[in-house]
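Given the structure of chain A, go ahead and fit chains B, C and D onto it with the hints provided.
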Amino acid sequence: MATVGMDFCELTTGPINVNLVARRVVPPECGATVTLDGYARRFTKVKTTGEIRETLYLEYEAYEGMALKEMRKLIDAAHSKFEISNIGIVHRTGKLEIGETSVVISVAAPHRKDAFAACEWLIKELKQTVPIWKKEVYADGEAWSEGEAAS
Amino acid sequence: MATVGMDFCELTTGPINVNLVARRVVPPECGATVTLDGYARRFTKVKTTGEIRETLYLEYEAYEGMALKEMRKLIDAAHSKFEISNIGIVHRTGKLEIGETSVVISVAAPHRKDAFAACEWLIKELKQTVPIWKKEVYADGEAWSEGEAAS
Amino acid sequence: MQIKVLFFGATADIAGKRSEELQVNEGATAKTVLAELFSRFPPLAAQKLHISIDQEYAREDSIVKNGNEVAVFTAVSGG
Amino acid sequence: MQIKVLFFGATADIAGKRSEELQVNEGATAKTVLAELFSRFPPLAAQKLHISIDQEYAREDSIVKNGNEVAVFTAVSGG
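As given, the protein sequences belong to chains A, B, C and D, one line each in that order.
Under the numbering used here, the residues of the first sequence are numbered 2 to 152, in order.
Under the numbering used here, the residues of the second sequence are numbered 2 to 152, in order.
Under the numbering used here, the residues of the third sequence are numbered 3 to 81, in order.
Under the numbering used here, the residues of the fourth sequence are numbered 3 to 81, in order.
Source of the hints: derived by calculation from the structure; they are not laboratory data.
A hint or two may mislead.
Unchecked claim - Partial chain D-side listing against chain A, Cβ under 7 angstroms, derived:
#1 A12
#2 T31
#3 A73
#4 V78
All values reported here derive from a predicted model rather than from experimental measurement.
Backbone N, C-alpha and C define an ideal beta-carbon position, used for all residues, glycine too.
With the rest of the complex left out, here is chain A (with noise of 0.2 angstroms):
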């Protein structure tokens, strides 16, 4: 976690540290980063019928080779439509326990609005776009997530 100011994304198996995630994105001509902090959180609301579940833990599965070059495009995408400096994405695999995070995405760009923008793009893509598989495991049973739909 030693370079400052440039792109990157990876995947760890082991904790991510939200606060260096952030800072890594951070050049002196910008002021201001936005970070979307994904984290296992106990309860879910079940699409289909609206019950509540408990989430034991998760398991997240990659696509190791696929996933970063999803994730590569999407950074190299939102340098194209917004005006920002540095973009991070870390994603985790393996499994989490409730309350530790998935995934991070911090933006930094020289006005806000941009990073704003730029971060909330990249969530909804990466969500659709790259090979990532969560399953939930509750007490009596478990599940793949079915994900987003494209909006």
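The following block gives chains B, C and D in isolation, referenced to the frame of chain A:
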């Protein structure tokens, strides 16, 4: 920094741990937190001349009682306007070295769209209503920042 | 009646102090207070100022009461 | 010609394995590969599947070449 899952606003003269701020707003039904991390930047464009000036350090001064009151008003207003769970705002005062965090706003929400919208709204309002002033110190002088025009 | 006026940032620099005790008449408004401050610290008159009474934003016609804490400051610039 | 097929998440659970070596004819498409996989692992046919060739999203009519790494998976759900 022990209470979890509640709104809070604070002023502090010590370093801000962005990670801890973001994590204090997380209730168990939420899966995402959006965080705005503002920090002292080295280079600033002078609005009138377009000249790039190098800042040596910053000094923030707050009207403490009123600043906290105004931050609490913003938190109340954000809860009325957006579907969000918790908000944390921490603003540093006193002397800040380049790169140190001046303000963190973290918003946790069941849906990330609301977290993004509320966080962006909160920083815009904070810069216009919360009585805190920034002084930029250069090699050859110093100046109180003129703030941000309402948009 | 007596009020306390607080200065911050640019207004504190101009006043050369952080607070000032003022005697004002019954029925005085924020505008009355500003006029008194302009006579004591003339460069203040060149500033675009905000005024608060007891830590709430006030208008020029807001009434000032005995013991109020009034603050006078330029545009905020936190964040 | 020979290709390697990778499974992830739900498709790995259905196949009961994480990869499979397949022999396919010259000119085979992603659709040809899927048809062969459906015959080996029938429950796969009930899934809405995505397919990639050498780590790029592919369409059903994309041509598969000797030595390609093909992956078959359900909707992604990272984040």
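Going down the list of hints, with the structure as the test:
no.	hint	in the structure
1	A12	5 angstroms, holds
2	T31	19 angstroms, violated
3	A73	6 angstroms, holds
4	V78	5 angstroms, holds
Of the numbered hints stated above, the single one contradicted by the structure is hint 2.
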